[in-house]
Amino acid sequence: MNDFDSHWLTRPATIRKLWWGFSIVLALTVAAQLFVDVKGYFGVDGWFGFGAVFGFSSCLVMVLVAKVLGFFLKRSEDYYTSGDDDV
Amino acid sequence: MFELLPPPLIMVAGAMLIGITRGHWRSVIVLGTPLLTLWAIWQIPDGVVATVDFLDYPIEPIEGSPLRRLFATIFSLMAFGGGLYSFRQARWYELSAAFIYAAGAIGVSFAGDLITFFLYWELMALFSTVVVWCGGTPEAGAAGVRYAIMHLLGGVILKVGIEGVAIHTGSVDVRPMLATNFDTWMILAGILINAAAPPVSAWLSDSYPESSPTGSVFLSAFTTKTAVLALILLFPGEPVLIGIGLFMVMYGIIYALLENDVRRILAYSIVNQVGFMVCAVGIGTEMALNGAAAHAFAHILYKALLFMSAGAVIYRTGFSKCTDLGGLFRTMPLTAACGIVGALAISGFPLTSGFTTKTMISQAAADESLVFVYFMLAAASAGVFLHAGIKFPWFVFFQKDSGLRPKDAPWNMAAAMVLLSVLCILLGVFPNLLYAYLPYPVDYVPYTAGKVLFYLQLLLFSGLAFFLLLPLMKRTRTVTLDFDWLWRVLLFRMARAIYAAVAALGMALKTRVGNGLVAIRVRAGILFGAELTQAGVFARTWSIGTTALWIVVLLTAYVLVYVL
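Residue numbers (this note's numbering), protein chains in the order written: chain B, 1 to 87; chain Y, 1001 to 1564.
Each hint should be verified, as a subset may be incorrect.
[Unchecked claim] No farther apart than 30 Å at their CA atoms in a straight line, the calculated lysine-lysine pairs in the DSBU-like style are these: (1) Y/Lys1321 <-> B/Lys67; (2) Y/Lys1510 <-> B/Lys67; (3) Y/Lys1474 <-> B/Lys39; (4) Y/Lys1474 <-> B/Lys67; (5) Y/Lys1321 <-> Y/Lys1451; (6) Y/Lys1400 <-> B/Lys17; (7) B/Lys17 <-> Y/Lys1451; (8) B/Lys17 <-> Y/Lys1159; (9) Y/Lys1451 <-> B/Lys74.
No lab work stands behind these hints: they were computed from the structure. Keep in mind the model is a prediction, meaning the values are calculated, not measured.
Can you make the complete structure from the sequences, with help from the hints?
The following block contains the structure:
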């Protein structure tokens, strides 16, 4: 198992590089808006970096909503199969 | 009667032959039947091909149109892809049932009247249940029963609507209508049950993940997408669909985020994707309907691809939970790569089929100035990347090292995955291949620099959100309650409570009321002489003398009363 753990993709050094690469790509997609005109349909969606902010914040909201709902709706895996409550 | 072979019957014949052939012959049948069907589909001209009279109604088993051919094409392609994926692994009866199921979907596609439509609709319900049962576990058996109940109930509701429309309008033609009265509402409800619309969407995430690794590939393709076709044919521009669609979109994302079972994540994302299509049908413009049809076509390919990738993992490892999987990219690189292509396509990444089709729906919303709908769909696109685009490949193929070192997918599964991956990218790079076959002329350019940049920002920053919020998304060994809790638990408990109450009432009757009844019976016995040994008061034999005496007394009384 240990020899597989040293797979190049899982090394901390590689993961650091991936984060760097990913961050640069993210920065580039926003910076590109200086040169490419994003023609928004409703004005606001043409603002600088709108896609980035909107994408990030809507994901944040969805994850948090899921977290809160999960607090009420999550049950143990055998919820339906344990006991005599179900077929 | 028919100048050409009806495509659904070819599939049914193929399904029969699967049962009686063996070995290579069966492989030939499995792979050849869908291709023959595909050929037959393209022989069907526009308009009604044949009419048969039944109970004074003209039955039109086959009616061609670009939209119908498009859906039938993807259904037969999917039967081929699914057949290729499973012909060496699945049992013959699963393949056979899956082919009749596909025949039902193709039959619905060409149904020119509501009666034919209903028959094929029910054929799908029956044989998809068999496919669920082919999961072979007790859980699959129970889920299959719940699935069957839901679909038969949906069928009854649909039938009520069809009867009503037939009687009140005198026509059973499949033609656009709006949900304005009881009949049309019933039809709409019956179709929406198959589209996994709220509040009954739970049948989908309940049953699909319980089927076999090969069965879920077939299940993912047909039922919900025939419902989308039915909505396009019967309810284009029905405003209520916009709200239902948006609900489905968000529901799918939230539940997929909470889920631990790999195929259940994908099942929730079917609801999410069908939500996009339902919403588009609700918008109802030519652009929107084109978008719904195109998205259904693309969705079937990438969702089947995702289910194939998940199925290969389950087939090789026997595990289906995120908490058990992880790190499989080491030994299943091809399955991982194909899964990632499917994940990118469902997320609508540029150069994949998701981008060229889903953005049409957003465009349609923008064209109609539906600001709220547009931004909800944009947020949902980000959410799709979150729950399916990254979550699925991340937890299955990367994440932690689970220690599992399975072999990569068998060659036929791999071939099917590569085929669908190629199609996903092909439709993304050359969207006109699909646009040419859409029901309305396409006036849409998917690739403009601004649009690509907007979606890249949207998606990549969703990716950032995923990795930053990863601690919040730690997988737990849980299930999430859904509306089906109402009938799986609440209704069950209520039934049990009512049963207990009735039993208690019975006992009370036996004791309290019973005692009273016994007392009355005893008294009656005394009066009427139920006992043979001693006659009752009114049943005794009296002597003549006593009778004469009573008559004298009564007559005296009468005379006295008369005189006085």
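Each hint tested on the structure:
1. Simply put, Y/Lys1321 and B/Lys67 have alpha-carbon atoms about 19 Å apart, close enough for the 30 Å limit, and the pair holds.
2. About 53 Å separates the Cα atoms of Y/Lys1510 and B/Lys67, which puts this hinted pair outside 30 Å; it is violated.
3. The straight-line distance between the Cα atoms of Y/Lys1474 and B/Lys39 is roughly 38 Å, outside the 30 Å bound, and the hint therefore fails.
4. Restraint check for Y/Lys1474 and B/Lys67: satisfied, since their Cα atoms lie roughly 10 Å apart, inside the 30 Å limit.
5. In summary, the hint linking Y/Lys1321 to Y/Lys1451 is not supported, as the alpha carbons are separated by about 36 Å, beyond the 30 Å threshold.
6. Between Y/Lys1400 and B/Lys17 the alpha-carbon distance is near 18 Å, which keeps this suggested pair within the 30 Å criterion.
7. Restraint check for B/Lys17 and Y/Lys1451: satisfied, since their Cα atoms lie roughly 29 Å apart, inside the 30 Å limit.
8. A C-alpha spacing of about 60 Å is found between B/Lys17 and Y/Lys1159, which places the hinted pair above 30 Å, so the restraint is violated.
9. Annotation: proposed proximity of Y/Lys1451 to B/Lys74 is violated, straight-line Cα distance about 38 Å (limit 30 Å).
The structure fails to meet hints 2, 3, 5, 8, 9 from the earlier list, while all remaining hints are met.
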